[in-house]
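J.: Chain by chain, the residues run as shown.
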Amino acid sequence: MPHQDTPIYKAMFEAVRETFENMAFVEVAEQSEEIGIEIPTDGDWVSILIHNPLQGELQLALPKNLLTTMTADMFSIDIADVEEIQRQDIISEILNTLAGLFMTKLLPDDQSYQLGLPVYGEGPIPENEEESLVWNLQIEGSPLLLVANGVGFISESN
Amino acid sequence: MKRIVIADDSATARMFIKRCLDIIGLGDAEIVEAEHGKEALTAAKAAPTDLLLSDLNMPVMDGETLLKWVKSSPKLMDMPVVIITSAGNPAKEQELLKLGALKVINKPVSPPMLMDALAMFLDD
Numbered sequence: 058m059p060h061q062d063t064p065i066y067k068a069m070f071e072a073v074r075e076t077f078e079n080m081a082f083v084e085v086a087e088q089s090e091e092i093g094i095e096i097p098t099d100g101d102w103v104s105i106l107i108h109n110p111l112q113g114e115l116q117l118a119l120p121k122n123l124l125t126t127m128t129a130d131m132f133s134i135d136i137a138d139v140e141e142i143q144r145q146d147i148i149s150e151i152l153n154t155l156a157g158l159f160m161t162k163l164l165p166d167d168q169s170y171q172l173g174l175p176v177y178g179e180g181p182i183p184e185n186e187e188e189s190l191v192w193n194l195q196i197e198g199s200p201l202l203l204v205a206n207g208v209g210f211i212s213e214s215n
Numbered sequence: 296m297k298r299i300v301i302a303d304d305s306a307t308a309r310m311f312i313k314r315c316l317d318i319i320g321l322g323d324a325e326i327v328e329a330e331h332g333k334e335a336l337t338a339a340k341a342a343p344t345d346l347l348l349s350d351l352n353m354p355v356m357d358g359e360t361l362l363k364w365v366k367s368s369p370k371l372m373d374m375p376v377v378i379i380t381s382a383g384n385p386a387k388e389q390e391l392l393k394l395g396a397l398k399v400i401n402k403p404v405s406p407p408m409l410m411d412a413l414a415m416f417l418d419d
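So the sequences go chain by chain: A and B. For the first sequence, the positions run 58 to 215 when the working numbering is used. For the second sequence, the positions run 296 to 419 when the working numbering is used.
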């Protein structure tokens, strides 16, 4: 089954779409392979660990200019006034929220789960030695990269 | 004037909650922001507090521990606590309600969700 047709792919796409639409008022779309927009190497990323019921990690990366524009819009301030700490906080809260939505969609109702705290970084998204699932999405022509690392996620995709 | 403590380690989340409170008619409340449960507990003890809105997943003291502290404190036990979390599901919600939470709301929070959760509180 192609990755895009699996329940885990659809759960993540819906979680990302709902989170960005509700928090940042922007539309998320799938990125066709032909477009292939890449995250600039000076982008921002954030990572969050899933502790239970499976062990895994979710990583989200965005280009700096997109995150800066979204931050300005969300805090209702000028782009020039956006501070580093606001960008960090927004991308962290977005991943925290979408991780929760994703796990809620993925797991049965009676299954609780535990998330770690978001960790922020700059530059290329850190590579993971484990197998990964990748979502290449876009927001108004800018790329959005989502990666799920961990054996539990891989088994969900099969 | 009502006094409301908001506990969340994210400034973005606190900003969203404040906007929602404003939209549902609680814009004139005294809002006290806390970055974790311990800070929220100190803030709630500092002056009579009408409502505590707390995230679950926070450093230093998480929302569940904060809820247990509040509900075991003779001074704070009657204060309504609403949990706003990204780590909620029906199983977790039942657990938190048993511990004494008034409501459990999933992020991203919206004005209608908050209005529904605070219906009893808003009627006062």
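Just so you know, these hints were derived from the structure itself, not from any lab. Don't take each hint at face value.
[Stated by the list, open to error] In silico DSBU-like pairs for lysine-lysine, Cα to Cα no more than 35 Å straight-line:
{"#": "1", "chain 1": "A", "residue 1": "LYS162", "chain 2": "B", "residue 2": "LYS333"}
{"#": "2", "chain 1": "B", "residue 1": "LYS370", "chain 2": "A", "residue 2": "LYS162"}
{"#": "3", "chain 1": "A", "residue 1": "LYS121", "chain 2": "B", "residue 2": "LYS366"}
{"#": "4", "chain 1": "B", "residue 1": "LYS366", "chain 2": "B", "residue 2": "LYS313"}
{"#": "5", "chain 1": "A", "residue 1": "LYS162", "chain 2": "B", "residue 2": "LYS313"}
[What the hints assert, rightly or not] Reference excerpt, derived from the structure (chain A facing chain B, CB under 8 Å, subset only):
{"#": "6", "residue": "TYR66"}
{"#": "7", "residue": "GLN88"}
{"#": "8", "residue": "MET131"}
{"#": "9", "residue": "SER149"}
{"#": "10", "residue": "LEU163"}
{"#": "11", "residue": "ASN193"}
{"#": "12", "residue": "LEU194"}
{"#": "13", "residue": "GLN195"}
{"#": "14", "residue": "ILE196"}
{"#": "15", "residue": "SER199"}
For clarity, every value in this text was computed on a predicted model and none was experimentally measured. All C-beta atoms, glycine included, are put in the ideal place defined by N, C-alpha and C.
J.: State for each hint whether it applies.
T.: To see whether the hints hold, each was checked on the structure:
1. A:LYS162 / B:LYS333: At roughly 31 Å apart (the allowed maximum being 35 Å), LYS333 of chain B and LYS162 of chain A satisfy the hint.
2. B:LYS370 / A:LYS162: 39 Å, violated
3. A:LYS121 / B:LYS366: Given that 35 Å is the threshold and the Cα spacing comes to 43 Å, the pair is violated.
4. B:LYS366 / B:LYS313: 24 Å, holds
5. A:LYS162 / B:LYS313: With Cα atoms ~27 Å apart, LYS162 of chain A and LYS313 of chain B stay inside 35 Å; holds.
6. TYR66: 20 Å, violated
7. GLN88: Check failed: Cβ of GLN88 of chain A comes no nearer than 23 Å to chain B, outside 8 Å.
8. MET131: With Cβ-Cβ at 7 Å, under 8 Å, it holds.
9. SER149: 7 Å, holds
10. LEU163: With a closest approach of 10 Å, the LEU163 of chain A hint is violated.
11. ASN193: 23 Å, violated
12. LEU194: Nearest chain B Cβ about 18 Å off; hint violated.
13. GLN195: Nearest chain B Cβ about 20 Å off; hint violated.
14. ILE196: 16 Å, violated
15. SER199: Since chain B brings no Cβ nearer than about 19 Å to SER199 of chain A, farther than 8 Å, the hint is violated.
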